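Note that the protein sequences, when read in sequence, are chains C and F.
Quick note on numbering: the first sequence equals residues 1 to 184 in the numbering used here.
Quick note on numbering: the second sequence equals residues 185 to 412 in the numbering used here.
Keep in mind that the hints were calculated from the coordinates and are not lab data.
Check each hint, because a few of them may be wrong.
[Said to hold, decoys possible] Here are the computed lysine to any residue pairs in the SDA-like style, where the Cα-Cα straight-line distance is at most 20 angstroms:
#1 C:K153 / F:G376
#2 C:K153 / F:H375
#3 C:K153 / F:L188
[Claimed, not checked] Simulated coverage check for chain C against chain F, where a stretch passes if three residues somewhere in it have a Cβ under 8 angstroms from a Cβ of chain F:
#4 25 to 33
#5 129 to 140
#6 156 to 170
[What the hints assert, rightly or not] Here are some chain C residues pointing at chain F (derived, C-beta under 8 angstroms):
#7 Q12
#8 F16
#9 V20
#10 A21
#11 A42
#12 I51
#13 Y54
#14 K62
#15 G64
#16 R118
#17 P122
#18 M175
Keep in mind that this is a model prediction, so the values were computed, not measured.
Glycine residues also receive a C-beta, built at the ideal position from the N, C-alpha and C atoms.
Residue strings, one per chain:
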Amino acid sequence: MRLHRGSVRSGQEDDFREFVADRRLNLLRTAALLAAGDTHLAEDLVQATLIKVYANWATFQKAGNPDAYLRKALVNALIDERRRIWRRREQPVAELPDQEAATPSGSAGGDAVRQALRELPPRMRAAVVLRYFHDLDVAETAHALGCSEGNVKSQTARGLDRLRAVLHEQQQHAMSSRTQGATS
Amino acid sequence: MTDLREYFDEIADSVTSTATTDVEADVVRGRRAVRRRRVVQTVAGSIFGVAAIVAAFTIPSAGVGSGPFGPTAAAPPAVARSLDLVAYQGPQPKGFTLDTVPAGWFVQSDARYSLLLAPQGSGAGPDSAAGKIVIYLESRDQNGPPRAGAEVEVGDRDGVLVKSLPAMIPGQSPPPADGDTGWTIWVEQPHGVHLIVQFGEGLGLDREQMVALTAGVHVHEEALQGIG
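Throw the hints in and build the complete structure from the sequences for me.
Structure below.
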């Protein structure tokens, strides 16, 4: 069937459905990390990514590396989401900034890492996630982020330092708690 | 690194599995997006055609950027100085400390998320930032200034002075965009997060004073970023 303006048409929607059924969960898992554990934002990122894929289905099918296309689209969705929030709040604040809400509960270490991820700027967070969750090399990460390899190295190093510091602090806290429990 | 990977997996596993309804919803959203794109392309094509015809018969009457959001929006403020900066003598706040404040001003609200400076006798309570100076860190979903501004040297750091957009207050007509609509100075801190000092409209501080006040703001470890 002939493509119409590069998007999905009739029978090809079945291919798109199959693609979504196959890949959506993995996209959500990556998005959950990019969103620092915010599952609502993760769903928004995946929806934005899949809309882009649908609207450019022919291009996507021709992409030499579909995974790279998806990663780049997810990261762009994250950056766009930040800009969208920015447009909402570009007026000067009339009230003082909101304070942080309670974080979702998981393991103590998981919560600490989730919190630390949330404190990283989006691009730095994406660099760490792509390097240490997806095991991408520096060049692949640079492609996904649309920046230089040097920038990836510096962003990753800074992000990793912060995560390590949080993990170290959490482990110290856990050891201290165990010691107190044993002596009481 | 193993621990980190395990925690990443834990966070990633917090999402639920994909339902069939999600797949159909993605198809519907995709169709809508394509329809919207076609409408926009059609309308934009029509508008471009009309604009091209109009432009061909019109002599420009104003320079580029003469509007409120053009390049001139980032020009330095041309406001008359009516306040002096004096050394801050009061107790130092928690997350941020101060070297100077405008004469006759005080710290109205002091939290680890923000610091609010207000003139003595200000009728507005600490929940209102209108006509005041607010000092805070950029939110966790921000990453630098939203728009281009004037580059300024803030102490030993580079900063950006951004003119605020006119405030839109229900029931009130907006101030003229070419007037003093307020200013914000952004200064990146060593940990990568920006300090923001927001000056309300018509405060009577000129550019040098705003930069000097900002240079005297020190961010401490206790300072926290807000959200949203």
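Do the hints match the structure? See the list:
About 15 angstroms separates the Cα atoms of K153 (chain C) and G376 (chain F), which keeps this hinted pair within 20 angstroms; it holds. Annotation: proposed proximity of K153 (chain C) to H375 (chain F) holds, straight-line Cα distance about 16 angstroms (limit 20 angstroms). Proximity of K153 (chain C) to L188 (chain F) is assessed by CA-CA distance (about 18 angstroms); at most 20 angstroms being required, the pair is judged to hold. With 7 residues having a beta carbon nearer than 8 angstroms to a beta carbon of chain F, the region 25 to 33 of chain C meets the requirement of three or more and the stated coverage holds.
For the region 129 to 140 of chain C, the stated coverage by chain F holds: 3 residues have a C-beta nearer than 8 angstroms to a C-beta of that chain, and at least 3 were required. Counting residues of the region 156 to 170 of chain C whose beta carbon lies closer than 8 angstroms to any beta carbon of chain F gives 4, which reaches the threshold of three, so the coverage claim holds. Among the interface hints, the one on Q12 (chain C) is violated; its C-beta lies about 11 angstroms from the nearest C-beta in chain F, farther than the 8 angstroms criterion. For F16 (chain C), the shortest C-beta to C-beta distance to chain F is roughly 6 angstroms, which falls under 8 angstroms, so the interface hint holds.
Nearest Cβ of chain F to the Cβ of V20 (chain C): about 5 angstroms, under the 8 angstroms cut. The hint holds. At its closest, the beta carbon of A21 (chain C) sits 5 angstroms from a beta carbon of chain F; the interface hint therefore holds under the 8 angstroms criterion. Using the Cβ-Cβ criterion of 8 angstroms, the hint placing A42 (chain C) at the interface with chain F is satisfied: the shortest such distance is roughly 6 angstroms. For I51 (chain C), the suggested interface contact is upheld, since its CB lies about 5 angstroms from the closest CB of chain F, less than 8 angstroms.
The beta carbon of Y54 (chain C) is positioned within 8 angstroms of a beta carbon in chain F (closest approach about 3 angstroms), and the interface hint is therefore held. With its C-beta approaching chain F no nearer than about 18 angstroms, K62 (chain C) sits outside the 8 angstroms limit, and its interface hint is violated. Here the hint on G64 (chain C) is broken, as its CB sits about 22 angstroms from the closest CB of chain F, past 8 angstroms. The criterion of a C-beta within 8 angstroms of any C-beta in chain F is met by R118 (chain C), whose closest approach is roughly 6 angstroms, and the hint holds.
For P122 (chain C), the suggested interface contact is upheld, since its CB lies about 6 angstroms from the closest CB of chain F, less than 8 angstroms. At its closest, the beta carbon of M175 (chain C) sits 14 angstroms from a beta carbon of chain F; the interface hint therefore is violated under the 8 angstroms criterion.
Of the hints listed earlier, those the structure fails to meet are numbers 7, 14, 15, 18, in rising order.
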